[in-house]
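Sequences listed follow chains A and B, in order.
Numbering-wise, the working numbering puts 112 at position 112 of the first sequence, and it's gapless, one number per residue.
Numbering-wise, the working numbering puts 1047 at position 47 of the second sequence, and it's gapless, one number per residue.
Keep in mind the hints are simulated off the structure, nothing from the lab.
Note that the coordinates shown come from a computational prediction; the quantities given were computed from them, not determined experimentally.
Some hints here could point you the wrong way.
[What the hints assert, rightly or not] SDA-like, lysine to any residue: derived pairs with alpha carbons at most 25 Å apart: (1) K1057(B) - N100(A); (2) K49(A) - F1045(B); (3) K1011(B) - Q45(A); (4) K69(A) - T1101(B); (5) K49(A) - N1030(B); (6) K22(A) - T1038(B); (7) K49(A) - T24(A).
[What the hints assert, rightly or not] Simulated restraints on C-beta separations: (8) E1078(B) - Q45(A): 39 to 45 Å; (9) N17(A) - T1038(B): 30 to 36 Å; (10) N1051(B) - E15(A): 25 to 31 Å; (11) N30(A) - N1007(B): 35 to 41 Å; (12) P79(A) - S1058(B): 35 to 41 Å; (13) P79(A) - K1057(B): 39 to 45 Å; (14) Q1050(B) - R42(A): 22 to 28 Å; (15) K1057(B) - Y61(A): 32 to 38 Å; (16) L1115(B) - R42(A): 20 to 26 Å; (17) G1016(B) - E66(A): 47 to 53 Å; (18) K77(A) - R1022(B): 36 to 42 Å; (19) P18(A) - Q1050(B): 39 to 45 Å; (20) Q1080(B) - Q71(A): 43 to 49 Å; (21) Y61(A) - S1073(B): 28 to 34 Å.
C-beta: ideal position from N, C-alpha, C; glycine also.
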Amino acid sequence: AQSVAQPEDQVNVAEGNPLTVKCTYSVSGNPYLFWYVQYPNRGLQFLLKYITGDNLVKGSYGFEAEFNKSQTSFHLKKPSALVSDSALYFCAVRDGAAGNKLTFGGGTRVLVKP
Amino acid sequence: DTGVSQNPRHKITKRGQNVTFRCDPISEHNRLYWYRQTLGQGPEFLTYFQNEAQLEKSRLLSDRFSAERPKGSFSTLEIQRTEQGDSAMYLCASNHGETNTGELFFGEGSRLTVL
Chain A
1 AQSVAQPEDQ
11 VNVAEGNPLT
21 VKCTYSVSGN
31 PYLFWYVQYP
41 NRGLQFLLKY
51 ITGDNLVKGS
61 YGFEAEFNKS
71 QTSFHLKKPS
81 ALVSDSALYF
91 CAVRDGAAGN
101 KLTFGGGTRV
111 LVKP
Chain B
1001 DTGVSQNPRH
1011 KITKRGQNVT
1021 FRCDPISEHN
1031 RLYWYRQTLG
1041 QGPEFLTYFQ
1051 NEAQLEKSRL
1061 LSDRFSAERP
1071 KGSFSTLEIQ
1081 RTEQGDSAMY
1091 LCASNHGETN
1101 TGELFFGEGS
1111 RLTVL
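Work out the full structure, taking the sequences as your base and the hints as a guide.
Right, here's the structure in full:
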């Protein structure tokens, strides 16, 4: 079975400071990893993914994430947070090429204060 | 590409009533997924279709829930004899199983409130 853990319910950061949202995963095969963002009363928007290759992947809105196989982590980062980045962030995993569905973490609420 | 469309966006019903949600996926996508999301939680997988075939169902999908995708295009999710615990956001997503590396494209969701 595959699973995702997001250990922080909420992350508070001042505008302009770096932002990190943590994610660890468990999967039997090679992980396909994803980050999504959700604004109030909206669906999920895809930010970025790791399938293979370079451990640092870049995505939308200046976000990036680093895959660490030994620590089974895929933390989301942004060098300089904006107030508009305040939202709910979800990490998700799929069990490699054979997997058929994404399993999501519980989400982390990010609050960026001006 | 108009994205994934879900209707209705909001539904308020009384306990015991039946409700049906519709999802229109991105037109070239052959896979369609239903997820349920309760307040403050991550989406939980319910079921998915490849074309018209329902290939997997979660234990969360009780006998009161049924999903169909009769022509491999739009899908419906019906909940019979609704209970207050069914109150949630029902999310639909789609992708192309063979050419896509796994990311799902989500609709805006259908929020159900059972009184």
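A quick look at each hint next to the structure:
| no. | hint | verdict |
| --- | --- | --- |
| 1 | K1057(B) - N100(A) | holds (12 Å) |
| 2 | K49(A) - F1045(B) | holds (19 Å) |
| 3 | K1011(B) - Q45(A) | holds (23 Å) |
| 4 | K69(A) - T1101(B) | holds (19 Å) |
| 5 | K49(A) - N1030(B) | holds (21 Å) |
| 6 | K22(A) - T1038(B) | holds (21 Å) |
| 7 | K49(A) - T24(A) | holds (14 Å) |
| 8 | E1078(B) - Q45(A): 39 to 45 Å | violated (27 Å) |
| 9 | N17(A) - T1038(B): 30 to 36 Å | holds (31 Å) |
| 10 | N1051(B) - E15(A): 25 to 31 Å | violated (47 Å) |
| 11 | N30(A) - N1007(B): 35 to 41 Å | holds (37 Å) |
| 12 | P79(A) - S1058(B): 35 to 41 Å | holds (38 Å) |
| 13 | P79(A) - K1057(B): 39 to 45 Å | holds (42 Å) |
| 14 | Q1050(B) - R42(A): 22 to 28 Å | holds (27 Å) |
| 15 | K1057(B) - Y61(A): 32 to 38 Å | holds (35 Å) |
| 16 | L1115(B) - R42(A): 20 to 26 Å | holds (24 Å) |
| 17 | G1016(B) - E66(A): 47 to 53 Å | holds (50 Å) |
| 18 | K77(A) - R1022(B): 36 to 42 Å | holds (38 Å) |
| 19 | P18(A) - Q1050(B): 39 to 45 Å | holds (41 Å) |
| 20 | Q1080(B) - Q71(A): 43 to 49 Å | holds (45 Å) |
| 21 | Y61(A) - S1073(B): 28 to 34 Å | holds (32 Å) |
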